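Student: Each chain is listed here by its residues.
Protein chains: 2
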Amino acid sequence: MRYGFEEIEMPILERYELFAQKSGEELSEQLYNFLDKSGRRLCLRAETTPIIARIYVENERSLVKPLKWFCISRLFRYETPQKGRLREFFQLNIDILGGGGNHATAEVIACGIDICRDFGLTSKDSVMLINNRKLMEGLVQQITTVNAIAIFGVIDKRSKLSPEEFQNALLEIGTSKQETERIQAIADTRGKPSAILEQLEKTEMNELAKEGLEELRETCEILDNYGVLDYCLVDLSIVRGLAYYVGVVFEAFDTRGKNRSILGGGDYTTMYGGKPAPAVGFGFGDTVIGVILEERALYPSFESELDVFVTTVEPSVKPTAYQILSRLRSLGVKADIDLGSRKFRKQLQQADRRGAKFAVIIGPKDVEEKVVTIKNLQSGEQETVPQDQLASFKWT
Amino acid sequence: MRYGFEEIEMPILERYELFAQKSGEELSEQLYNFLDKSGRRLCLRAETTPIIARIYVENERSLVKPLKWFCISRLFRYETPQKGRLREFFQLNIDILGGGGNHATAEVIACGIDICRDFGLTSKDSVMLINNRKLMEGLVQQITTVNAIAIFGVIDKRSKLSPEEFQNALLEIGTSKQETERIQAIADTRGKPSAILEQLEKTEMNELAKEGLEELRETCEILDNYGVLDYCLVDLSIVRGLAYYVGVVFEAFDTRGKNRSILGGGDYTTMYGGKPAPAVGFGFGDTVIGVILEERALYPSFESELDVFVTTVEPSVKPTAYQILSRLRSLGVKADIDLGSRKFRKQLQQADRRGAKFAVIIGPKDVEEKVVTIKNLQSGEQETVPQDQLASFKWT
Numbered sequence: 009m010r011y012g013f014e015e016i017e018m019p020i021l022e023r024y025e026l027f028a029q030k031s032g033e034e035l036s037e038q039l040y041n042f043l044d045k046s047g048r049r050l051c052l053r054a055e056t057t058p059i060i061a062r063i064y065v066e067n068e069r070s071l072v073k074p075l076k077w078f079c080i081s082r083l084f085r086y087e088t089p090q091k092g093r094l095r096e097f098f099q100l101n102i103d104i105l106g107g108g109g110n111h112a113t114a115e116v117i118a119c120g121i122d123i124c125r126d127f128g129l130t131s132k133d134s135v136m137l138i139n140n141r142k143l144m145e146g147l148v149q150q151i152t153t154v155n156a157i158a159i160f161g162v163i164d165k166r167s168k169l170s171p172e173e174f175q176n177a178l179l180e181i182g183t184s185k186q187e188t189e190r191i192q193a194i195a196d197t198r199g200k201p202s203a204i205l206e207q208l209e210k211t212e213m214n215e216l217a218k219e220g221l222e223e224l225r226e227t228c229e230i231l232d233n234y235g236v237l238d239y240c241l242v243d244l245s246i247v248r249g250l251a252y253y254v255g256v257v258f259e260a261f262d263t264r265g266k267n268r269s270i271l272g273g274g275d276y277t278t279m280y281g282g283k284p285a286p287a288v289g290f291g292f293g294d295t296v297i298g299v300i301l302e303e304r305a306l307y308p309s310f311e312s313e314l315d316v317f318v319t320t321v322e323p324s325v326k327p328t329a330y331q332i333l334s335r336l337r338s339l340g341v342k343a344d345i346d347l348g349s350r351k352f353r354k355q356l357q358q359a360d361r362r363g364a365k366f367a368v369i370i371g372p373k374d375v376e377e378k379v380v381t382i383k384n385l386q387s388g389e390q391e392t393v394p395q396d397q398l399a400s401f402k403w404t
Numbered sequence: 009m010r011y012g013f014e015e016i017e018m019p020i021l022e023r024y025e026l027f028a029q030k031s032g033e034e035l036s037e038q039l040y041n042f043l044d045k046s047g048r049r050l051c052l053r054a055e056t057t058p059i060i061a062r063i064y065v066e067n068e069r070s071l072v073k074p075l076k077w078f079c080i081s082r083l084f085r086y087e088t089p090q091k092g093r094l095r096e097f098f099q100l101n102i103d104i105l106g107g108g109g110n111h112a113t114a115e116v117i118a119c120g121i122d123i124c125r126d127f128g129l130t131s132k133d134s135v136m137l138i139n140n141r142k143l144m145e146g147l148v149q150q151i152t153t154v155n156a157i158a159i160f161g162v163i164d165k166r167s168k169l170s171p172e173e174f175q176n177a178l179l180e181i182g183t184s185k186q187e188t189e190r191i192q193a194i195a196d197t198r199g200k201p202s203a204i205l206e207q208l209e210k211t212e213m214n215e216l217a218k219e220g221l222e223e224l225r226e227t228c229e230i231l232d233n234y235g236v237l238d239y240c241l242v243d244l245s246i247v248r249g250l251a252y253y254v255g256v257v258f259e260a261f262d263t264r265g266k267n268r269s270i271l272g273g274g275d276y277t278t279m280y281g282g283k284p285a286p287a288v289g290f291g292f293g294d295t296v297i298g299v300i301l302e303e304r305a306l307y308p309s310f311e312s313e314l315d316v317f318v319t320t321v322e323p324s325v326k327p328t329a330y331q332i333l334s335r336l337r338s339l340g341v342k343a344d345i346d347l348g349s350r351k352f353r354k355q356l357q358q359a360d361r362r363g364a365k366f367a368v369i370i371g372p373k374d375v376e377e378k379v380v381t382i383k384n385l386q387s388g389e390q391e392t393v394p395q396d397q398l399a400s401f402k403w404t
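Quick mapping for you: the protein sequence lines, in order, are chains B and S. With positions in the first sequence counted from 1, the corresponding number in our numbering is that position plus 8. With positions in the second sequence counted from 1, the corresponding number in our numbering is that position plus 8.
Simulated from the structure, these hints should not be mistaken for lab results. From a predicted model like this one, the values you see are computed outputs, not experimental measurements.
All copies of an identical chain are treated as equivalent in the list; a pair is satisfied when it fits inside any one copy or across any two copies.
For lysine-lysine, the following DSSO-like pairs were computed, each having C-alpha atoms within a straight-line distance of at most 30 Å:
id	residue 1	residue 2
1	Lys73	Lys351
2	Lys326	Lys210
3	Lys351	Lys218
4	Lys326	Lys402
5	Lys73	Lys326
6	Lys132	Lys266
7	Lys200	Lys210
8	Lys165	Lys185
9	Lys402	Lys354
10	Lys73	Lys383
11	Lys132	Lys326
12	Lys383	Lys351
13	Lys283	Lys354
14	Lys373	Lys326
15	Lys218	Lys326
16	Lys326	Lys200
17	Lys378	Lys326
18	Lys365	Lys73
19	Lys132	Lys168
20	Lys283	Lys351
Using the sequences plus the hints, can you model the full thing?
Tutor: Right, here's the structure in full:
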């Protein structure tokens with residue numbers, strides 16, 4: 009990867025406890041767990057963060073920090089399949105572990121924006137919403153004595169609720185009517201980083217909120233240096249459902265607004281065997297981006313491209329055809345041949361259908377003269393090339 | 009792939025029955041199965057063949073045959089972990105479905121040999137052992153009335169048994185002493201294809217054996233055209249444990265002989281929902297090849313190669329450094345930066361340790377003059393390049 013992240017592989021099965029303890033409540037209900045033949049409770053991985061933490065802590069001494077890791081993994085969640093949510097899906101995870109502070113956070117966010125850009129999503133198509141958990145916790149503490157995590161749980165579900173449902177959900181966990189309104193006003197705060205940061209800097213706040221605001225400010229400043237701030241908004245309703253986030257949090261969305269988040273992540277503390285370490289990362293699932301690319305007709309084509317299809321004018325030349333095929337492949341050329349007993353004309357059709365750039369044509373006379381005829385399937389041009397000079401032809 | 013195979017993806021969980029019915033006895037004992045939350049018995053895939061059969065039959069009408077598919081998948085077998093065997097492993101599968109006869113078989117074997125060659129294994133390091141199940145079944149029928157599949161089961165385990173144990177195992181399933189000796193003589197038959205085929209052609213045999221011999225002969229002839237017959241031996245002890253093979257079967261081994269097979273496969277009939285289709289393929293696991301490459305010091309290096317490491321002479325130039333970093337990455341250059349607050353000298357050390365080809369050096373004067381200093385970390389040469397001409401520098 010051009011960002012200098014290194015790929016790591018990890019097991020697909022883990023002990024149930026690794027996920028049950030560390031993840032948020034919603035996720036722990038969705039764990040795909042079972043008893044194995046020896047009676048241990050195992051779990052198909054539902055996210056990679058706890059596994060990365062385990063690998064990091066187990067190997068910490070031998071690693072040069074900060075670490076930049078990525079992995080593309082199959083994940084499993086036992087929930088009702090629906091648009092943008094499947095039980096088995098792929099997720100790209102990007103993590104920086106063991107240091108880097110706001111620089112690491114900005115690097116990870118810039119990388120996420122760049123991936124959206126590589127998929128063809130411009131700053132008009134997608135938006136990166138950024139917030140900070142310390143800032144939010146500080147602001148919430150100034151308003152109410154109700155536990156901030158409980159309030160975050162409600163804010164995290166806000167996009168699925170009507171304003172009334174949102175208010176009722178807050179009232180239910182114990183905030184007063186006035187507190188509810190003030191929380192709602194915070195959750196409604198969204199805009200260009202410069203404007204929102206300026207507004208927040210004028211607000212009176214406690215030390216925790218100030219600390220969070222400073223993290224958010226520096227992260228946005230570095231993102232500006234990366235040249236990606238036009239993709240970003242500060243949005244105080246982004247709090248992330250999972251329990252382990254501690255600083256900046258972010259989610260990217262389709263600007264049309266009707267899909268779930270494309271990617272989500274933030275600063276967190278890895279914890280394994282009681283050893284904490286600073287980290288930042290995101291998960292980028294294949295399901296939502298698939299729906300968005302489909303809707304916007306940006307879905308990439310996966311047609312295989314063949315360089316050459318080797319054809320035989322009559323069956324007697326097949327031995328030579330296999331020799332040519334084998335030589336082409338050893339030159340690194342993507343080459344194929346009809347494995348059946350199709351007639352020459354059908355073989356040429358097959359060459360076309362497989363998208364080959366060239367057809368190599370071998371007839372009895374070619375065998376005799378130790379040459380092949382090469383037909384450019386786009387231009388229709390043909391030329392004759394000696395069999396021992398295949399390496400100098402421009403195939404690709 | 010230069011052989012023109014197309015990648016397919018498949019689920020990691022399947023219904024237990026899909027594997028339990030189709031696979032051999034040994035494998036069905038090793039299935040990693042469990043009850044899911046709704047009480048269905050599911051199974052972590054232990055092999056891909058039954059899944060490929062299901063996908064093939066479900067989509068047969070819309071596909072142009074023969075199909076050339078490959079997949080690299082995680083597989084699971086609940087057995088005792090040991091050298092060359094793990095409970096979770098990766099396997100490359102190559103299959104041609106829906107036709108091609110001996111041409112498809114030879115194509116698949118040639119592909120397997122080429123992969124070994126690409127790993128650095130010459131015909132002195134590895135050998136492809138080839139046989140035919142019809143030939144073997146015919147020969148066994150001429151010797152004994154004991155079920156051929158039962159005899160194949162014993163022959164398949166021969167490499168793990170002493171000659172006495174092998175004889176006893178045959179006697180146990182009901183062959184007489186004389187029959188046992190004749191079966192042993194067959195299983196001991198191994199040599200260059202030309203020699204063994206000549207010897208077999210002189211042997212009197214029934215129609216089934218003759219048919220198998222003809223398949224074997226033609227396959228070897230095509231392999232000779234591919235130029236890979238020096239990798240091949242005919243070995244009548246290769247029968248493959250799984251139940252679905254019907255024609256040519258093959259296994260590749262390290263010539264030092266102490267490791268399990270590198271890859272194994274053959275002609276088989278896919279079966280799903282009562283619909284059969286001809287197929288040929290092999291499985292190539294990561295575990296055995298890993299051991300062999302380690303032993304022969306051929307294990308490839310996975311060091312990441314960075315093109316550029318961006319360094320800053322003092323913290324004040326960081327904004328420019330991030331702009332340069334971002335521009336380089338957008339040019340497709342693999343570039344990284346120190347995310348901490350290391351001193352300039354330490355950053356250069358980091359560039360070296362990360363294997364970067366170049367260090368981009370940015371100091372206050374460079375910022376002023378809108379240039380960067382590019383240091384070739386191998387030659388030590390330095391040159392100054394305007395910041396707006398980064399695209400024309402040869403980075404990779």
